[in-house]
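S.K.: Given chain A, work out where chains B, C and D should sit, using these hints.
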Amino acid sequence: MSDETPKINLPDPTQLVVSNSPHMRDKPTINVIMFWVVGAMLPGCIAAVLFFGLAALKVLLISTLSCVIAEEAWNKAMKRPSTWRDGSAILSGILLGMNLNAGAPWWICMLGGILAMILGKQLYGGLGFNPFNPVLVARVGLLIGFPGIMTTWDKPDLGNMAIDGITAATPLGLAPGETLLQDMLLGNVGGCLGETSALALIVGGAILIWKKLIKWEVPLAFVGTVFMITGAMHLVNPEAYHSPFVHVLSGGLLLGAFFMATDMVTSPMTHKGAWIFGFGCGLITSLIRLWGSYPEGVSFAILFMNALTPLIDRGTIRKPFGFVAPAKGEA
Amino acid sequence: MDSLIAIISVGVIGTVLGVVIGIVAKVFAVDVDERIEQVEEMLPGANCGGCGFAGCADFAKGVVAEKATPAQCPVCSREDVVAISDYLGIAAEEKEKMVALVRCSGDIPNTQRSLYNGVRDCQSAVLVAGGAKGCDYGCLGFGSCAEACPFGAIEMRAGLAIVHKDLCVGCENCVAACPKELIKMVPAAATTHVYCNSPEKGAAKRKVCQTACIACRKCVKASGEEDYMEIDGFLIRSNYENPPSADLVEAAACPTTALRVDTEHAKGAYGGEA
Amino acid sequence: MSDKPRKFKGGVHPNDSKALSAHKPIQEAPLLDSYKVIMHQNIGAPPELLVKKGDEVKKGTLLAKAGGFVSVPLHSPTSGTIKMIDKVPGPTGISVPCIEIAADGEDEWDSPFEPITDWKTTDPVELRQRVWDAGVVGMGGAAFPSHVKLSPPDDKKIDMLILNGAECEPYLTADHRLMLENAKEVVIGGSILARILGLESCVIGVENNKPDAVEMLKKAAANHSVHVQDLPVNYPQGAEKQLIYAITGREVPVGALPMDIGCVVQNVASAAAVYEAVVNGRPSIDRITTVTGKPLVDPGNWKFRIGTPISKALELAGGITEQPAKLLLGGPMMGIAQSSLDVTTMKNTSGILLIAQDEVSQYTSEPCIRCGRCVDCCPMQILPATISQAVENHRFDWAEQLNVMACIECGSCSYSCPSHRPLNQQFKRAKVEIRAGLRKKG
Amino acid sequence: MMGVAQSMTLRMMPILSFIRTRGVLSMMSEFLVITIGAILVNNFVLSKFLGVCPFLGVSKKLDTALGMSGAVIFVMTLASLVSSLVNQFLLVPMKLQYLQTLVFIVVIASLVQLVELMLQKLSAKLYESLGIFLPLITTNCAVLGAVVLNAKSAPASVQSTWYGATIYGFCSALGFALALILFSSLREKLDLAKVPDAFEGTAISLITAGILAMAFMGFSGLV
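Top to bottom, those sequences are chains A, B, C and D. Numbering-wise (this note's numbering), the first sequence opens with residue 1 and increments by one. Numbering-wise (this note's numbering), the second sequence opens with residue 1 and increments by one. Numbering-wise (this note's numbering), the third sequence opens with residue 1 and increments by one. Numbering-wise (this note's numbering), the fourth sequence opens with residue 1 and increments by one.
Pulled out of the complex, with its shape left as it was, chain A reads as follows (with noise of 0.2 Å):
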């Protein structure tokens, strides 16, 4: 054909890239995803800054700096390509932090950050590979090295931006009936930096819920689970049990329900292995609340369940598309 149109040019082969199908893909990728879940975590992290003061702003930063060095660390001693950029580290770091008080000292944060990254995850192989939770291998194991300095709470103070807050109970380690709902709602009540306003939470449930990064079956399962066990045991005993609204609004539920336990990784994957994973962490949270010996039975359920996750995932393998039982034979 005379070539009187413009110079026609055709790709270059040998520049083509050849790979299996398909060849598009979702806007979502692993930064992106943990970015937002990080997002999701900002209102809560706001709330203990205004109730907590600089001291919570402190526990927080140490807290997500060790866990990024920590992992940074270990990609280079192992001579692995740096994977702090993906953004789980930061997640981890933040969540660690929310898990502490704000009088906890510098070295705790720090070694916590050390606990989670090598302990709970890097050892496993990094991210996608840990079995449990890693913040709450970090929790549950300074809680049971340093049971002193993790079970002191500072008295929230409104705007009081002191670094060095004074002490005090728990809404679960008071009498029940003595501290008023809607200052839980708020979070004018002592306890970790994420225990404190259940209103703030719930934004950031929300938003998970709504962005689809998380399967809201595990956290309506676990606060349902509790909800019904603990208003169980108040209806038969109210002077000796919490009213459920209080066992709900206070300690790391709220925390733990939206954050901890919808940890992708940990968690099951299917939709009726979350059902059963949520309800299993809210029936351990209450026997360890009303009957065990610690005050918070968040963490230790939830690494119980993450356990139990391989299980789950095993047992709940659906059924395929088109699935004919072998017995009956009909379509």
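Only part of the chain B face toward chain D is listed, based on derived beta-carbon distances under 8 Å:
1. Ile5
2. Val10
3. Ile13
4. Gly14
5. Leu17
6. Val20
Cβ-Cβ distance ranges computed for the label pairs, FRET-style:
7. Lys61/D to Gly45/B: 19 to 25 Å
8. Pro105/A to Lys60/D: 39 to 45 Å
9. Ser82/A to Leu136/D: 41 to 47 Å
Calculated directly from the structure, the hints in this document are not laboratory data. Where a beta carbon is used, it is the ideal one built from N, C-alpha and C, also for glycine.
M.R.: Positioned in the frame of chain A, the structure of chains B, C and D alone reads:
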């Protein structure tokens, strides 16, 4: 006095339980041929599967049941084979040592056609446009054979599998691992091989790979009336009944260096890898 | 016929970016000077060669006859002389035998059979034989010989014929334009297929992101017993099993065929080819292909004859403005990446697609974070993440227990995986491994 | 040893008081205490750290773990029954308590021999997979631990009666089985993980068992 009672009571308990176990042992008796354990001790225990059995224990059972001969184990040294045969009282037959040969010399700089993106493993890469190399029959270079070799005898260099003859034991795990069936078991004694496996015409091969065998037959002429080389369509192969010696390489002066001495090839003496 | 379409579980929603070529009418590709017709254009046995170098052929002359029941004949796309029987790089990357025809410019028809004037009264067996003689194959991409689907064994009772106009692959608009511009051919083709199967009616499934095509089909199907069903957009609704479930609610059992539950699915382009074969008496030698992609100057839809090299097709579309990252045959979700421009079109080439450099983020796959997105989006309801872990550790027996053989390789899982893991390739490998009986334990 | 049993009974108070306030089935409550105590609170492997070597040795695959749990449950229950009978009707009346350990070892050893012979016959596959572990497994500290704990339990408590001891043996075996099955499914997940070479195999399993033990510590004080 009570020490006497102690001795008696423990004695009674011991005998009663002993009798019970004796009866149960009779009821549930199962026999095992102890020669199998003995033969298993004498095997190297690499569980490489070269003998065609699922590991040394299985092979030991096979040998004792005369379903296999000790010489079938590629890893066994000559003395082991003789020792096992004497123990079982059977004749130790002779078996020639075979080694693996990757019949391709096309590394990435030489035959790369396009960029590849996906699982870095030959079995998976072959499913995507036959791999990213120009030649449809060439080595894909993702090292499935190196991974399958329990003895680390295969090294991946610039996207090409290179067999180190001295390490190779002849267990044939790599033969099954190569999706392009490039790896062939050749006698260890043979030194000179044609490093190409493409049946295409010479011109088509030349377009995609500089070191392909273009069937110019120079090596056949150079070997005179000795039939060192076999002609198979547009591809020449060493005749392994009467393998050529190393000096045929200089005599034939192969234009594309497809004809190579394997130890030299292992050292990377044939350019291309620079 | 169910009134409301059912939504199958799973599926993803990539942006269909069909706007690039959806409004472009079908253009007739000009006659080239030579065509390289690939011999093996169908699933099943390759056809047997009848011609040799130097033979004179007319447009439609038989080049090769079917090599068995599950095989189709091959016809010449134009008149001219057979230049050479040699090899050309095939779509799967391996070079395949092809027949090169040098066109003589007359483009003169010489069809091996006559048009059937009144198909309503012709015996269905004769109609099916005509579909076989015309070499009609499934044009959705599988290229499964249509006559085999049209001759179910006696014990299988067929009560539903579905024409697949879903075209759920992004970028592709070939079927859309076909349904829009020759809706009558599709409807009559469907009625002929229904008559072959001994049915009164058939259903055409079209996704409702092609409203104009749905309207046109409804108008054309007014006086025929053909029901047009519009379906909500959901990739991979175009897959046989998902389309059957969407329209009839029946689930094809694992490892079984649609005919086992009384359904036959044909692509709308195959229906048009049946019309062409029966009413016009012409063999299937061309098809509508979308040539599209951001780097292209002027994307559009063309009717290419089989054997048109990709380089010529790209020239028709005005060449490229920037060097693309990938050249695909088919759509972005199931298409096959090419590494050479001399590959020629076949009866199932639904699209020639260029993917720009910025659309391809360099895939370095990261470890699986078990987020479960692939588990939610899998239309076959299997567990892609667990199977991927099994394949990575060479545990193919475990992969088989996890029903990897049910995987239809639609790519939804790899599409939705935030870690960019090559799940689809791992499953394809697992299926090859299991089919080859190599149960390699890790 | 006496201290352990003592603290066991003392810590019963919260759940006991809860049941007594309901004023029903006090006998049943004591069995409930033993079961929850043996399975969750004082789990033999993860709280008392008894029987850790078979716990690590056998937990490579879930099906061998199930087989092994069956064997341990059978042996521990029978051993507790036989030992408490022997202890109550032979050693105590004859004041030969000092012979307890010796007699218990003989009883357990013969029971193990029994199990091995029957297993070899009944399910050769399981015998194959457990292999040489079987004798090592069932004569370990978990079995002996349960039996000795029974013998040393406070005279008044339910555990000193023969049926109480058997229940305790059975429940501690259940606790062992729970920990073993939990741990074996975890280990199967671990051998798919890209664990650094230095920690491959037993090292990472011990770390995981440690974290699992930390999770079980949450139950302390429950009963």
